[in-house]
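*Asks:* These protein sequence lines map, in sequence, to chains A and B. FYI, the numbering used here numbers position 66 of the first sequence as 66, with every residue one higher than the one before it. FYI, the numbering used here numbers position 379 of the second sequence as 1379, with every residue one higher than the one before it.
Be aware that one or more of the hints could be misleading.
Within a straight-line C-alpha distance of at most 20 Å, the following computed DMTMM-like cross-link-like pairs (lysine to aspartate or glutamate) qualify [said to hold, decoys possible]:
no.	chain 1	residue 1	chain 2	residue 2
1	B	Lys1195	A	Asp241
2	B	Lys1176	B	Glu1263
3	B	Lys1195	B	Asp1231
4	B	Lys1336	A	Asp459
5	B	Lys1396	B	Glu1347
6	B	Lys1369	A	Glu605
7	A	Lys149	B	Asp1199
8	A	Lys149	A	Glu222
9	B	Lys1069	B	Asp1189
10	B	Lys1336	B	Glu1260
11	B	Lys1069	B	Glu1263
12	B	Lys1176	B	Asp1231
These are computed hints drawn from the structure, not numbers from a lab.
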Amino acid sequence: MATIAGVLVRPSGEYAGIWSWVYTVDHKRIGVLYGITAFMVFLVAGVEAGVMRAQLATAESTLVSPDVFNQMFTMHATAMVFMVIMPLSAAFFNLLIPLAIGARDVAFPRLNAFSYWVFLFGTLTFHSSFLVNQLPDAGWFAYASLTEKPYSLGAGLDFWSVSLLVLGVSSVAAALNFVVTIINMRAPGLSLMRLPVFTWMTLITSILLVLAFPVITVGLVELTMDRNFGTHFFMPEGGGDPLLWQHLFWVFGHPEVYILILPPMGVVSEVLPTFSRKPLFGYPFIVFSGLVIGIMSWAVWSHHMFTVGLGPVANSVFTITTMLIAVPTGVKIFNWIGTLWGGSIEFTTSMLFAIGFVALFIVGGLSGVSHAVAPSDAQQQDTYYVVAHIHYVLFGGSIFGIFAGIYYWGPKFTGRLFGERLGKLNFWLMFVGMNLTFFPMHFVGMNGMPRRVYTYPADLGFEIYNVISSLGYVVLFIGIAVFIVNYLRTMRKEPDAGHDPWDAPGLEWSISSPPPAYNFAEIPVVEGRDQYWIVKQRAEAAGEPIPPAEAHVDPSTIHMPSPSFWPLVVAFGVAILGAGILTHVGLSFVGGVIAFIGAVGWANEPAAAEATHH
Amino acid sequence: MGLRPLGTSNRSLPEPAFRMAGPTVFPTNSKKSWFVKLLTLTPLLLVLGAACSQGDLSTWNPAGPVANKQLELFNALVWVMAIVFVLVEGVLVYAIFRYRRRPGQPRPAQVHGNLPLEIAWTIIPTILIMGLGIWSVIALFEIKDPPSSDEYILEVTATGHQWWWEFEYPDAGGGKTITTANELRVPVDTSVVVKLESDDVIHSFWIPRLAGKVDVIPTHTNRTWFKANGDQIDTLPATFTGLCAEFCGTSHALMKFKVEVLEQADYDAWVSNYGDAPVLTAQAEQGKAVFAANCSSCHTATGPDNPAITNGRLVGFLAGAAIAPGPNLTDLATRKTFAAGLVDLNEENLTAWINNPTDIKPGNYMARKAPFYQDGTNTLSAGDVSSVIEYLLSLK
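Given only the sequences and the hints, what does the whole structure look like? Please build it.
*Replies:* Rendered as structure tokens:
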């Protein structure tokens, strides 16, 4: 065993240089890695959207071939769902949850690093389809039997299914980690009903992820087997059923919609009170409506399938359940407005994005009700009306919520206040651009323009709407460019944020910006909701000065998880295992061996680096 | 595309039952957005207001009971949405105006919630939503089937193929069986029940002005129905455009069809003439031989399809043979368009199609499967092409 122990010495806890990002298990660093990776994919997916908008800007355009167009919308949607919005939320989970609950790290720090590396490799696998020009082209929903041979002969769909399988490993591992962290690692006094709302939404989202991903995994495994090993799960000619895929996909897919929107709802629920200087209105109702949404999200999947021919009884049931899910969503919106009501509202960039979220989400929510009605939906399904709806909830909703979070918590992790002038320009360009792009789609959809068409005739009156949408895209694009400039300029200046620039209520604001590796030198004791407001208001009432950020201590006096290379090794093995399906099964075997060696090393490495024994 | 796209019919369309209400449906958000949006969207508004109800595919321009009912529901929903939108966004905009921070303002009252308010805004939307829900369930059952008072119902089987439509009439009238493609002929004021089938991938059958879509799924036979109301149509024959609404591969965007609504007498005449032996010129006779040698393994041109033959085409296609299900070309010359409603039927367009089908419909199986295409390039002689077209244009 001595030799094994010699091989398995853990790296020291010194966090410096590029390697420190490779073996890190610090939740804040992992959060940054998630954020940067997802933002890069966001830019790629944005360019893919640009190709579509360029193609559709004119009727009967021949800018790109139909195959390229079909690849673009498949890549765009798959990437935005699985590799942008989900990991951007995961970035916030990582950055914030331990800070928000007064912990020093997540429950399983190495598993957390593993989740990131698997996510990175899954993303790279997906995008490596560009390198071999075998892009998936069956839409992000990949309805069988179009995904089966002989209808999809290239390797594109294999890239799609394998990378989603790999990403699923990442999501489930991360979600389990956060469930355990939130349940077990809360600071003393931090009961569930005192949790910050973002933490609540993370908990609900993580539970949804743990339950939803196995369903899509079953579907993806079956699809991969159909395509590569001659099974016939979804292939009509072999006795398979293409509708089975739709049920599997949407039983996963609808909870997934809430996986995408609940975390940004949590962000907004923290930003609105801070900049209204008033606690969240109806906290228990916001929390319980989140729970109800999480539960009901399992009972609405067939509203994606109203035109499938399930019959009027099934369509009636899903019409009613879908309409009912609007109630808890509405309750959230009313409570957010209640939070603003009577407040003292400061229009920071973060607040503008949060208000923008509420305003745009109302539009998306209302159009959602209109296609909850099955007979009316028969005219809207698979038209641009639905494209408008999903972008109001996922762009106007999720992305705006995430930007509110970036501007709100950015100073905490960079130590720098983001430029407000450029920030506001960023917001207004995105707000105007978003409405210009997506609002006309309601009309062109009702005028009969189907989704996923690479061309349309000139004589149907579709062109004007498409021209406006494409112009809106340009405005959005400039808005994102302004954000990047703002970020780069912010990072070049001296830290100026202080520990609590917004007079915010969360525990994370009681420590320095950026926080030390150990987060809290002393684990805080929580007396109520909005603990840091309680502390500050008590001092204010007593006429004492507001307490400064917790002083830094010698990190060697605090026991922190040591860094480790093994998560990277296991993640690499998992990725190679997947890559084998795309190339040669022999490679899968090699990947399995690497993952196995990694797991053995993981299990056997010393609990701490030599230098940090206590 | 190089070809003249099919023109829409120039009938004057009936006055639409609905126009979108103007500015009320626009999101109005924080204080500046109101002005910014109005400025940027004013021209848009004008265009949208004018353009809502136009077009051959517009759901705002229905011409049958199913589409009428669907629009009726949507219109009611638009009003509900507009009212809720104005109320909620109005309160939001008011709140951010009214409660914006003023210099030196003390911390506002720390209100944590209000139980009666919470109960009210849970219960009231629930009641509203349930009302809409019940109404939509009633509507769902109402338009499920043609009215039971209908004495005669025409039955058609529509089969979706990548990327064209096959229509089979088991009894088009007088017991006659008809197979045709991409042009569905129906008598006016007659309920048509459509059985939907697919042999390859999922498609969706949609005639926006007549009925909402129903998916066309291999292994599942779906049904839908529609009727063209004579009093919602100005002149007969009238043409409606239908399309595939579910993404089905490369040329999904081009998978359309035409619904020709005819006077009963015209329909009956078409049925009784269907499949009559065509009168062939000498060149057409030559073309017939070219057709038999090069085209007939996938296309039937002499009446309804024989199930054994069509099944053989499918089995061969799935096995990767040089064969695929092809549109039935019987009476082709009586159709207005070809290639899934994509181009007008005439000699020039047919020549372009045979010479390079991929140019018109990318990914199509004709250029990929027929042996006379080498890497998608036609190897038939110009003479053969013109005689086969002569033959096709005499099929009536």
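*Asks:* CA of B/Lys1069 to CA of B/Asp1189, is that 20 Å or under?
*Replies:* holds (16 Å)
*Asks:* Holds or violated: A/Lys149 with B/Asp1199, Cα cutoff 20 Å?
*Replies:* The given pair, whose Cα atoms are some 14 Å apart, holds under the 20 Å limit.
*Asks:* Are the Cα positions of B/Lys1195 and B/Asp1231 separated by 20 Å at most?
*Replies:* At roughly 26 Å apart (the allowed maximum being 20 Å), B/Asp1231 and B/Lys1195 break the hint.
*Asks:* For the pair supplied as a hint, B/Lys1195 and A/Asp241, is the alpha-carbon distance within the 20 Å limit?
*Replies:* With a Cα-Cα distance of about 19 Å, the restraint between B/Lys1195 and A/Asp241 holds, given a limit of 20 Å.
*Asks:* Taking 20 Å as the top limit, are the C-alpha atoms of B/Lys1176 and B/Glu1263 close enough?
*Replies:* holds (18 Å)
*Asks:* Starting from A/Lys149, check that the Cα of A/Glu222 is at most 20 Å away, please.
*Replies:* With Cα atoms ~14 Å apart, A/Lys149 and A/Glu222 stay inside 20 Å; holds.
*Asks:* For the pair supplied as a hint, B/Lys1369 and A/Glu605, is the alpha-carbon distance within the 20 Å limit?
*Replies:* With a Cα-Cα distance of about 60 Å, the restraint between B/Lys1369 and A/Glu605 is violated, given a limit of 20 Å.
*Asks:* What's the verdict on B/Lys1069 and B/Glu1263, does the C-alpha distance respect the 20 Å limit or exceed it?
*Replies:* This hinted pair is violated, its Cα atoms lying about 24 Å apart.
*Asks:* With a cut-off of 20 Å on the C-alpha distance, tell me whether B/Lys1336 and B/Glu1260 pass.
*Replies:* holds (10 Å)
*Asks:* For the pair we were handed, B/Lys1396 and B/Glu1347, check the Cα-Cα distance against 20 Å.
*Replies:* Holds, at roughly 15 Å.
*Asks:* Keeping to a limit of 20 Å between CA atoms, is the pair of B/Lys1176 and B/Asp1231 held or broken?
*Replies:* violated (29 Å)
*Asks:* Holds or violated: B/Lys1336 with A/Asp459, Cα cutoff 20 Å?
*Replies:* Cα-Cα ~17 Å, so holds.
Checked against the numbered hints listed earlier, the structure breaks hints 3, 6, 11, 12; every other hint is satisfied.
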